[in-house]
Structure formats: structure tokens, C-alpha cells
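Each chain, letter by letter, is given below.
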Amino acid sequence: MRRDLVLAVLGCTTSLVLTGCKVTPPGRAETAIVQWTKHTLTVGGSRDKNPVPNTADKIEAGKQAFGFYCVVCHGRDGQNTGVPFAAGMSPPIPSLASSEVQRYSDGQLKWIIENGLSPSGMPASKGTLGDDDMWAIVVYLRHLPPAGSLGEPHAYSGEEYEK
Amino acid sequence: MKPIRHTLSVALMFGIFAQVPFISSAQDQVRTIEIHARRFDFSPAEITLKKGETVKLRLSSEDVPHSLVIPDLKIKETITKNHPTEITVTPNNLGDFRGKCGRFCGSGHGSMLFTVHVKD
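Top line first, the protein sequences correspond to chains V and E. Its first residue numbered 333, the first sequence is counted upward by one per residue in the numbering used here. Its first residue numbered 689, the second sequence is counted upward by one per residue in the numbering used here.
Check before you lean on any hint, since a few could be wrong.
[Said to hold, decoys possible] If you anchor each label on the Cβ, the simulated ranges turn out as follows:
hint	chain 1	residue 1	chain 2	residue 2	range
1	V	Ala361	E	Ser731	31 to 41 Å
2	V	Pro451	E	Gly794	20 to 30 Å
3	V	Gly459	E	Glu734	49 to 59 Å
4	V	Gly459	E	His724	16 to 26 Å
5	V	Ser452	E	Arg746	23 to 33 Å
6	E	Asp808	V	Ser430	23 to 33 Å
7	V	Asp380	E	Thr720	40 to 50 Å
8	E	Thr773	V	Glu492	26 to 36 Å
Simulated from the structure, these hints should not be mistaken for lab results. In this text, a Cβ means the ideal position worked out from N, Cα and C, and glycines have one as well.
Chain V with its partners taken away, still in its complex shape:
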């Protein structure tokens, strides 16, 4: 029993020494390897087709659904505008207009919204968002507005406890 405890403590300590717990930006090699792995191996849904059409009302529906809670991390424009911690995360929150994100297929983007993405801070939204909302968000992601054009999320306006 005591031996197990000692081994567990040693294991945790070794992990911490090797990996560290301080948040630092990933290096080029790490980024390249992780990106390749996500795009080609781990992210599912590549064969799924988006049942929601690219119409103006669906883009608006996607924008509204995106506004439910995605904006807190991605900004209203999906390009991190006004999100104070976007660059400080590891990995940093990417602009959803970047090729890193836009290279995913519609099905993969929906899969990421539904299941989350590791390693990253992206949470799973299954149950929190319905299927229709997730597909509509994918439509919105393909039609993002110019960076900064929608202003900043309310959450960072400093009005949290104002009456």
C-alpha cells in the first residue's frame, strides 16, 4: 500500500518535471505535429455533410447560436476580438478564419464543436447545443465577418456587477 503511494507520488513528480505546469506557447515542431495529427487522424466527421444550406437566414441563425457561448473564447467575429486570454492559452486560441481552421471539412468542424478538441481548451458541446445549432454554427464559420466588425463580447465590458 505504502509502496503504491510512493510510486504514485514519484510518477506525478516526474511528470510535472518533464512537462512542467507553466503555460507556454507550443514550439513549431509541436504545433506542426499536433496540427497534422488532428487534421488527418484524430478529428472525425470528415465524411459528414452539412444539412444546413448556406443561406442568409442560416448564417444569421449560426451567428445567433455562436453567440450563445462560443463568443466568450472566440469573440463575436470568431477571430478572438476582445478576448483577453486568447493568445495566452496553450495552444493559443486560433482565429476561426485562419487556414488552420478553415482547412477542416464541414463535418470535421461539426465534430470538433460536438466533441471538443484535445490538446486544446475546446470543450465538447454535445447536449449543450443541438445538432441544428452546431451545423448552423459551421455555416457561420464559413461566412465570418471582417475581424473586429462586431465589437467585443459583453463578458469583457466590465459590466458584470453593474446595476
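Given the coordinates of chain V, work out where chain E should sit on it, guided by the hints.
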């Protein structure tokens, strides 16, 4: 002249009162279904209607604001606490019509679903 006016008044009043039972019986024919919304479900979560039947849906929330959205029945109604909303629906097509909460209400929002079955 007076007896005539009297007779006319009585006849008019009789006419008004005679209409009342017809009005209320017509109203009685519209079925009302109470639907309660709360984090994170509707109660009941499904209802069955007859094709062509006019039904009143009385919607109320037990907590935060929700909404009921059923696109194929053209229903989009906000539901708030303490202020029940009534809508009238007359489905003209058979089938199962999927609805959901259209107002983000928290972590289980996406599982807040509703179904209307329309049968003959």
C-alpha cells in the same frame, strides 16, 4: 310606444343571452394543452394532435426564459416565468414535427427537445 320599446329591449336581451351558450360551447371545443418548460426539458415533451384540429398551447416557464421553436408548424414563441403565453395551432399535415428550445438556457439547452405527432 312604451310597450313596443319594452318588448324590443326584452327581445334584444334574450337575443344576447341566447348567443352566450353558443359562444362558450364553441370555445369549449378548443382543447388547451399546458406545456411547462424548465431547465432542461419540456413537460410534456411530446403531444399528439389530430390533423385539422385547432388546439391552444399554454406555455409557461418554471425558471429562466426559454422558447419553443417548431419550424414546420411555424411556431416560435418565447416562454417566460409568471407570464404564460397562449398560441393556437391547427396542423394540416400528418407526421412528427420536431421542436426545441430556441433560447440558450444553460448546459443542457441542446437536449431540450419537443415533438408534435399529428395523426388522422
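Pro451 of chain V and Gly794 of chain E, beta-carbon distance inside 20 to 30 Å? 27 Å, holds
So the hint says 40 to 50 Å: do the beta-carbon atoms of Asp380 of chain V and Thr720 of chain E match that? 41 Å, holds
Within 49 to 59 Å: is that where the Cβ-Cβ distance between Gly459 of chain V and Glu734 of chain E falls? Since Gly459 of chain V and Glu734 of chain E have Cβ atoms about 19 Å apart, the given range 49 to 59 Å is violated.
Note whether the CB distance of Thr773 of chain E and Glu492 of chain V lies within 26 to 36 Å or breaks it. The hint (26 to 36 Å, Cβ to Cβ) holds, given that Thr773 of chain E and Glu492 of chain V are roughly 30 Å apart.
Does the Cβ-Cβ separation between Gly459 of chain V and His724 of chain E fall within 16 to 26 Å? 20 Å Cβ-Cβ, so the 16 to 26 Å window holds.
Taking 23 to 33 Å as the stated bounds, is the beta-carbon spacing between Ser452 of chain V and Arg746 of chain E within them? Between Ser452 of chain V and Arg746 of chain E, where Cβ atoms are some 45 Å apart, the hint is violated.
Has the hinted range 31 to 41 Å been met by the Cβ atoms of Ala361 of chain V and Ser731 of chain E? Violated, since Ala361 of chain V and Ser731 of chain E (Cβ atoms, about 54 Å apart) do not stay within the stated range.
Does 23 to 33 Å hold as the CB distance between Asp808 of chain E and Ser430 of chain V, or does it fail? Hint violated: Cβ distance 54 Å, outside 23 to 33 Å.
Hint compliance for this structure: hints 1, 3, 5 and 6 are broken, all remaining hints hold.
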